[in-house]
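Residue numbers (the UniProt record's numbering), protein chains in the order written: chain D, 1 to 99; chain X, 1 to 126; chain S, 1 to 128.
Treat the hints as calculated values from the structure; they're not laboratory data.
All C-beta atoms, glycine included, are put in the ideal place defined by N, C-alpha and C.
Among the hints, erroneous ones may be present.
[Said to hold, decoys possible] Far from chain D, by Cβ distances over 10 Å, these chain X residues were calculated:
| # | residue |
| --- | --- |
| 1 | D3 |
| 2 | Y8 |
| 3 | G11 |
| 4 | S17 |
| 5 | V30 |
| 6 | S59 |
| 7 | D113 |
[As the list claims (entries may be wrong)] Listed next, with one range per pair, are the computed distances between beta-carbon atoms:
| # | chain 1 | residue 1 | chain 2 | residue 2 | range |
| --- | --- | --- | --- | --- | --- |
| 8 | D | N36 | S | H69 | 17 to 25 Å |
| 9 | X | G68 | S | P56 | 41 to 49 Å |
| 10 | X | S63 | S | N45 | 23 to 31 Å |
| 11 | S | K31 | X | M48 | 46 to 54 Å |
| 12 | X | S78 | D | N25 | 16 to 24 Å |
| 13 | S | L24 | D | A53 | 22 to 30 Å |
| 14 | D | G35 | X | G114 | 26 to 34 Å |
| 15 | S | L24 | X | T72 | 27 to 35 Å |
Here's the letter readout for the chains.
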Amino acid sequence: MEQQLEKVLNEIVTQQDTVGALLANRQGLCLGAKGNINPNVSGIGMAISEQVAKLEPNSSVPATICLYSGSKRCVIQKDGEITGIIYKQATTGSTAASN
Amino acid sequence: MSDDIKKYFNGLLHKVSGLYVIQITDRDGVPLLRVSHSQEKNVDFALMPSLIPTFTTASDQASKLGLGRNKTIISMYSNYQVVQMNKLPLILTFVGAEDCNTGHILALEHQVDGYLEDIKMAVTES
Amino acid sequence: MDKDKLIVPNQIGYLILKDDGAVLESGGDLKNDERSANVIMGLLNLTESIDENFMPNSSCERITIDYEHHSYSICMSNRRIYIVKSSKSPHNGATTSSSSSTSVYNDATEGNSNATNPASTSSSTVLA
């Protein structure tokens, strides 16, 4: 049943610099998680995406939220009922390049 | 100290949108702490004397299913959702709107643990 | 716009808040925009504690919110919160190359191009 979901999550975590990824439903419950990410984050991630949705309620395209802390990034995007959360950590090589 | 704890839980209540009440009781339903949105709709049923003992019984029964000790029971109703956590000797009850962020409520669990320890001490001593 | 402070190129609005949420300065699209300020304060409240194992609490120093044609950058510094709304499309023929944008802006687009695609693929697959 969740094979598609697993496939997509696998695809995401194999991207460069990705630490972990998860998908949350409308209730903030975790639908699936891959990599090094705590499934409990689904609730807060969902809350963040809901909060940002209030910023421009008329926008048709959902916003992408990115939180930065040092070399780490947390990317959150809401699309309809589903919210995706991705943890990224820049490897030393790419940090040097971006600076 | 009690003011501190109350303030903290009030902060939590406002962090989760759609959450009406957070209540800490002992296992018989004796209220120890309760924070609620004053202007929200009537959620007095959360104080019904039967609610907490019913949860305790349900949780005890659920612990017998062979899956280990029951930690949390989430009950969905058409207008409300109730999340109850078994933190014996304490029971933590959250009442929110039906579309409230359940995941966020569940994530509060490990955040409140430190504060619960203080209350637990008070309960076991008495 | 000429009396407004210019913080980054392609800027279309800015807000400077005190750490309690009070608006200190504003301009452009965000002039006197208390509503946006409140939404952003709520957002900062939520981002305080995401996942201690990944990011220590309150360590998040920058947030970007990306829309199709514009984006918001939020930075915390010196107990002030700086919010800049900037346009992605080049203004009045201004140069669009990365040299004209700040590193904040660059980093945000780079981060998203990596991450957004898999996320949007995922949701469409699920909904299909």
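Right, here's what the structure says about each hint:
no.: 1; hint: D3; in the structure: 26 Å, holds
no.: 2; hint: Y8; in the structure: 17 Å, holds
no.: 3; hint: G11; in the structure: 14 Å, holds
no.: 4; hint: S17; in the structure: 7 Å, violated
no.: 5; hint: V30; in the structure: 29 Å, holds
no.: 6; hint: S59; in the structure: 20 Å, holds
no.: 7; hint: D113; in the structure: 13 Å, holds
no.: 8; hint: D:N36 <-> S:H69: 17 to 25 Å; in the structure: 34 Å, violated
no.: 9; hint: X:G68 <-> S:P56: 41 to 49 Å; in the structure: 32 Å, violated
no.: 10; hint: X:S63 <-> S:N45: 23 to 31 Å; in the structure: 36 Å, violated
no.: 11; hint: S:K31 <-> X:M48: 46 to 54 Å; in the structure: 50 Å, holds
no.: 12; hint: X:S78 <-> D:N25: 16 to 24 Å; in the structure: 19 Å, holds
no.: 13; hint: S:L24 <-> D:A53: 22 to 30 Å; in the structure: 26 Å, holds
no.: 14; hint: D:G35 <-> X:G114: 26 to 34 Å; in the structure: 28 Å, holds
no.: 15; hint: S:L24 <-> X:T72: 27 to 35 Å; in the structure: 43 Å, violated
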